[in-house]
Amino acid sequence: MSQVSMTVNGKVATGEVEGRTLLVEFLRENLGLTGTHVGCDTSQCGACVVHVNGRDVKSCTMFAVEADGAEVITIEGMAAEDGTLGTIQQAFQDYHGLQCGFCTPGMVMTAASLLAANPKPSEAEIRAYLEGNICRCTGYHNIVRAIMAASGQDVSGIAAE
Amino acid sequence: MPKDHGIGASPKRREDVRFLTGAGNYTDDINVKGQAYVHFLRSDVAHGTLNGVDTAAAEAMPGVVRIFTGADFAEVGGLPCGWQVTDRFGEVMQEPAHPVLAQGKVRHVGDPIAAVVADTYAQARDAAEAIEYDIDELPAVIDMKAALSKGAPKVHDDLTSNLCFDWGFVEENKEAVEAAFAKAAHVTTLELVNQRLVANAMEPRVAVGDYHRATDEHTLYTTSQNPHVIRLLMGAFVLGIPEHKLRVVAPDVGGGFGSKIFHYAEEAFCTFAAKAINRPVKWTCSRSEAFISDAQGRDHVTKIELALDKSNNFTALRTDTHANMGAYLSTFAPSVPTWLHGTLMAGNYKTPLIYVNVKAVFTNTVPVDAYRGAGRPEATFQLERVIDKAARELGVDPIKLRRQNFITEFPYATPVAVEYDTGDYVATMDKLEEIADMGGFEKRRKASAKKGLLRGLGVNCYIEACGIAPSHLVGQLGARAGLYESATVRVNATGGISVMTGSHSHGQGHETAFPQVIADMIGIDESMIEIVHGDTSKVPMGMGTYGSRSLAVGGSAMVRAAEKVINKAKKIAAHLMEASDADIELKDGQFSVAGTDKSVAWGDVTLAAYVPHNYPLEELEPGLEETAFYDPANFTYPAGAYACEVEVDPETGKVTIERFTATDDFGTLVNPMIVSGQVHGGIGQGIGQALLEGCVYDDDGQLLTGSYMDYAMPRADDVPFYKVDHSCATPCTHNPLGVKGCGEAGAIGSPPSVVNAVVDALQRGGHEVTHIDMPLSPSRVWQAMQQG
Numbered sequence: 608m609s610q611v612s613m614t615v616n617g618k619v620a621t622g623e624v625e626g627r628t629l630l631v632e633f634l635r636e637n638l639g640l641t642g643t644h645v646g647c648d649t650s651q652c653g654a655c656v657v658h659v660n661g662r663d664v665k666s667c668t669m670f671a672v673e674a675d676g677a678e679v680i681t682i683e684g685m686a687a688e689d690g691t692l693g694t695i696q697q698a699f700q701d702y703h704g705l706q707c708g709f710c711t712p713g714m715v716m717t718a719a720s721l722l723a724a725n726p727k728p729s730e731a732e733i734r735a736y737l738e739g740n741i742c743r744c745t746g747y748h749n750i751v752r753a754i755m756a757a758s759g760q761d762v763s764g765i766a767a768e
Numbered sequence: 115m116p117k118d119h120g121i122g123a124s125p126k127r128r129e130d131v132r133f134l135t136g137a138g139n140y141t142d143d144i145n146v147k148g149q150a151y152v153h154f155l156r157s158d159v160a161h162g163t164l165n166g167v168d169t170a171a172a173e174a175m176p177g178v179v180r181i182f183t184g185a186d187f188a189e190v191g192g193l194p195c196g197w198q199v200t201d202r203f204g205e206v207m208q209e210p211a212h213p214v215l216a217q218g219k220v221r222h223v224g225d226p227i228a229a230v231v232a233d234t235y236a237q238a239r240d241a242a243e244a245i246e247y248d249i250d251e252l253p254a255v256i257d258m259k260a261a262l263s264k265g266a267p268k269v270h271d272d273l274t275s276n277l278c279f280d281w282g283f284v285e286e287n288k289e290a291v292e293a294a295f296a297k298a299a300h301v302t303t304l305e306l307v308n309q310r311l312v313a314n315a316m317e318p319r320v321a322v323g324d325y326h327r328a329t330d331e332h333t334l335y336t337t338s339q340n341p342h343v344i345r346l347l348m349g350a351f352v353l354g355i356p357e358h359k360l361r362v363v364a365p366d367v368g369g370g371f372g373s374k375i376f377h378y379a380e381e382a383f384c385t386f387a388a389k390a391i392n393r394p395v396k397w398t399c400s401r402s403e404a405f406i407s408d409a410q411g412r413d414h415v416t417k418i419e420l421a422l423d424k425s426n427n428f429t430a431l432r433t434d435t436h437a438n439m440g441a442y443l444s445t446f447a448p449s450v451p452t453w454l455h456g457t458l459m460a461g462n463y464k465t466p467l468i469y470v471n472v473k474a475v476f477t478n479t480v481p482v483d484a485y486r487g488a489g490r491p492e493a494t495f496q497l498e499r500v501i502d503k504a505a506r507e508l509g510v511d512p513i514k515l516r517r518q519n520f521i522t523e524f525p526y527a528t529p530v531a532v533e534y535d536t537g538d539y540v541a542t543m544d545k546l547e548e549i550a551d552m553g554g555f556e557k558r559r560k561a562s563a564k565k566g567l568l569r570g571l572g573v574n575c576y577i578e579a580c581g582i583a584p585s586h587l588v589g590q591l592g593a594r595a596g597l598y599e600s601a602t603v604r605v606n607a608t609g610g611i612s613v614m615t616g617s618h619s620h621g622q623g624h625e626t627a628f629p630q631v632i633a634d635m636i637g638i639d640e641s642m643i644e645i646v647h648g649d650t651s652k653v654p655m656g657m658g659t660y661g662s663r664s665l666a667v668g669g670s671a672m673v674r675a676a677e678k679v680i681n682k683a684k685k686i687a688a689h690l691m692e693a694s695d696a697d698i699e700l701k702d703g704q705f706s707v708a709g710t711d712k713s714v715a716w717g718d719v720t721l722a723a724y725v726p727h728n729y730p731l732e733e734l735e736p737g738l739e740e741t742a743f744y745d746p747a748n749f750t751y752p753a754g755a756y757a758c759e760v761e762v763d764p765e766t767g768k769v770t771i772e773r774f775t776a777t778d779d780f781g782t783l784v785n786p787m788i789v790s791g792q793v794h795g796g797i798g799q800g801i802g803q804a805l806l807e808g809c810v811y812d813d814d815g816q817l818l819t820g821s822y823m824d825y826a827m828p829r830a831d832d833v834p835f836y837k838v839d840h841s842c843a844t845p846c847t848h849n850p851l852g853v854k855g856c857g858e859a860g861a862i863g864s865p866p867s868v869v870n871a872v873v874d875a876l877q878r879g880g881h882e883v884t885h886i887d888m889p890l891s892p893s894r895v896w897q898a899m900q901q902g
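One line per chain: the protein sequences are A and B, in this order. Residue numbering for the first sequence is 608 to 768, as defined by the working numbering. Residue numbering for the second sequence is 115 to 902, as defined by the working numbering.
Treat the hints as calculated values from the structure; they're not laboratory data. A portion of the hints provided could be inaccurate.
Covered by chain A, according to a simulated footprint, are these stretches of chain B (three or more residues, beta-carbon under 8 Å) [claimed, not checked]:
#	region
1	148 to 157
2	476 to 482
Under the rule of at most 35 Å between Cα atoms (straight-line distance), these lysine-lysine pairs were calculated in the DSBU-like manner [unchecked claim]:
#	chain 1	residue 1	chain 2	residue 2
3	B	K126	A	K618
4	B	K417	B	K389
5	B	K682	B	K652
6	A	K727	B	K117
7	B	K288	A	K727
8	B	K424	B	K389
9	A	K727	B	K564
10	A	K727	B	K417
11	B	K359	B	K678
12	B	K564	B	K768
13	A	K727	B	K565
14	B	K684	B	K652
15	B	K464	A	K727
16	B	K565	B	K126
17	A	K618	B	K417
18	B	K147	B	K288
19	B	K701	B	K682
20	B	K560	B	K117
21	B	K837	A	K727
22	B	K768	B	K560
23	B	K564	B	K417
24	A	K727	B	K768
25	B	K514	B	K297
Glycine included, each C-beta is placed from N, C-alpha and C at the ideal position.
Turn these sequences into a full structure, and let the hints guide you.
The structure is reproduced here in structure tokens:
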């Protein structure tokens, strides 16, 4: 067992882990941050995306010990202190960008990374960036709309209903 | 001006806040103090005799609590099947045993052999690797026709063959159908495969069993679309636990699409094992495990023939389908290729004579059951493909041929035993032609041609039977359950309302949409109403959510219960205002006496119900809570018309969906935003089936598509924005809301238009291609172009 220590959503988090313990397991089981989900075991679905040192990372593909000393942000860290949803979160609600909600944390974290690097992405750029995030409910229509809207683009021309 | 509240409005979903902040409560988020973890050792061969399982070394591994094998379940019931089909000859289907853990034989890759319970997951997995088991591998049967051939290895030794049933529908029509074919002016024949799919809800299945010895009470937390059904099936048929000692909780569930309807072995195991070791037991399915343990979908091989007269009227339809059941009968498997498929073969057309033959076959593959649409996509695909082929053979416009044969008068009794109550197929097709801008197709085709790409346009119609289902009817058809729904409307003293519904939400937004209905009925704010679901200890009874039934059946039960509440509240109001019950009106949350200015508020009445100081106690009980069960009089029949435009790259065979348009008639819409979202998601899955997805077994029964590395799920860059329209609404005539259901339409209606579009593109490009089996991968399309 190893001792790991990292900053998660602005707070110091420490714990004992095995070498094989994945970052997502540490977040969910040791820290009780169950917003980060596991939807596959081949790093394909993206339900487990978190930010590690400012980059979007599939937390099922990183060992907890690799994140020792890192700055980690999870979906639980995306709203304001008073609970006000962040811009991307609010856009997902406004544009019905989620249904069952299981892929949603990963989608929001991935979208946040995209918009940090590319503040006004085109539809094609959004779809390409979401290549590593699978949603089975929405057919992606409203996810793409939500991300476009969150980046300040007018989506009124895209059929809503 | 869109409505801002009540029926027809699109308020933001209240459930979204918890999902968007990581505060959802999915089953894997539930941990019971002291829980142990189970890992299942599963067969790695498709068929074999299990001679023995040696657990001695594994039991000595660190953290192991107990290892269970088939011997521990020898006296425990098997997993039941909820539907019994009667075949063409009046015999009931062959129904094999379905043990929780393998009993002497394994029948598909993934069949559970042993279960290791340990202090941690990692310890359970480690110990499973130390189990030694002795299997004599047997030849596997994978292909359905081979499975029915003489001398084929039998999946179940105690059955007479691998034929589960040979079903004819309607058997009495068979000769008349043959006579119609004999005198047809034209017959179009198409052989096709509706390939096996995996539902792939993004949340893998989870089960947590808990047991309290002091009270002999069991709790199962599980990823289910219908917790009461699991309580009944598992309690009554597998473990012998009465309902009052068994609580089943299905909290937030991350998608289902049918795959979480069924009662699975892992649920029974965790419930059983928690008592056996007197400690909670948790199982979390990995995605790889889901591919070999979740019931799969579709897998039909069909020959369909359409007879037409010299004026191009459809005169008869005949189909011959082999339907794969897999190795065991999953909970509702026999209903899918029969009553959810044969009854829909009339589609939107007045074909007078129809005969459907389905042979259901056991193979050494994962069991097959309902997946979004369940039987109806299979019916729609073959019908809409053969019509398209007929139009091309006859040189007539595919839309014109459809229009000519549309059913236009309702109610309409089909030759396949159902009666469509309402619809307007001309209107949805008119709307489709308009909003898909079919007039602009030729211009777009030329633009594609300039880029060296072949552009095609495909159209299809669909109808489905939803709002499942009238109990008396499905009882005659083989269902071993009733398919009503229940709801309790509990009004609290201060006027707020809890609705306990048997419907289950796993993405459909019931917590937002159901209150819109109640708010309209009473005239109060939606925020005063909460929806409670997914827990057998809170909801009296429920048949759950599938078959696009939640609003049509569960919503109707809620309306009936609310009507009872309002009737009682009017009596209380009448007492408070010293008026007659019959004169009381309820509007905008105020009870008033007709023709007077007397009124009392909703909250005054609800308070009086619970503080009955001034109350007609001799006539009415205090309190304000009512329960209703609603059993539908008929199915509902959503219908629509879809159009797809594709570009095909002749160099590579790659298909790109350029435009996708859907016009649907869902009757009354409660929340148009949610309805559109349901259609979008269905279209996404339908495009997935048409272009990408397919479950492949090799000849030995090894699943070659066992992960997201191999099973191609549709991703954001595989699909376009969709244009959807629901304005051509003909309300359902037999439920109180006029709703029809919208959950499956997109998945039913979209695959044929994609394939029709690709065939159209290739034919316009000079290729004599009449059909390509799904998924239309670049290699399949390219090969078809080379051959045609």
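Between B:K147 and B:K288, does the CA-CA distance stay at or below 35 Å? Violated - the C-alpha atoms of B:K288 and B:K147 are around 61 Å apart, more than 35 Å.
Given the hinted pair B:K768 and B:K560, is their Cα-Cα distance within 35 Å? holds (19 Å)
When you check the alpha-carbon spacing of B:K514 and B:K297, does it fall within 35 Å? With a Cα-Cα distance of about 23 Å, the restraint between B:K514 and B:K297 holds, given a limit of 35 Å.
Hey, B:K417 versus B:K389, does the alpha-carbon distance stay inside 35 Å? Distance of about 50 Å is beyond 35 Å: violated.
Can the restraint linking A:K618 and B:K417 be considered satisfied, given a maximum Cα separation of 35 Å? Since the Cα atoms of A:K618 and B:K417 sit roughly 63 Å apart, the hinted pair is violated (cutoff 35 Å).
Quickly compare the C-alpha distance for A:K727 and B:K417 to 35 Å and report which way the hint goes. The hint is violated at about 51 Å.
How does the coverage statement for the region 148 to 157 of chain B fare against chain A, requiring three or more residues with Cβ below 8 Å from a Cβ of that chain? The restraint on the region 148 to 157 of chain B is violated, since only 0 of its residues have a Cβ under 8 Å from chain A and three are required.
Take a quick look at whether B:K682 and B:K652 sit within 35 Å of each other, Cα to Cα. holds (23 Å)
Run the distance test for B:K288 versus A:K727: straight-line Cα separation, threshold 35 Å. violated (62 Å)
Mind taking a look at whether chain A covers the region 476 to 482 of chain B? Criterion is 3 or more residues with CB to CB distance under 8 Å. Violated: only 0 residues of the region 476 to 482 of chain B have a Cβ under 8 Å from chain A.
Does the alpha-carbon distance linking A:K727 and B:K117 stay inside the 35 Å limit? With a Cα-Cα distance of about 32 Å, the restraint between A:K727 and B:K117 holds, given a limit of 35 Å.
Satisfaction of hint between A:K727 and B:K837, Cα-Cα up to 35 Å: Given that 35 Å is the threshold and the Cα spacing comes to 24 Å, the pair holds.
Hints 1, 2, 4, 7, 8, 10, 15, 16, 17, 18, 20, 23, counting from the list given before, are not met by this structure.
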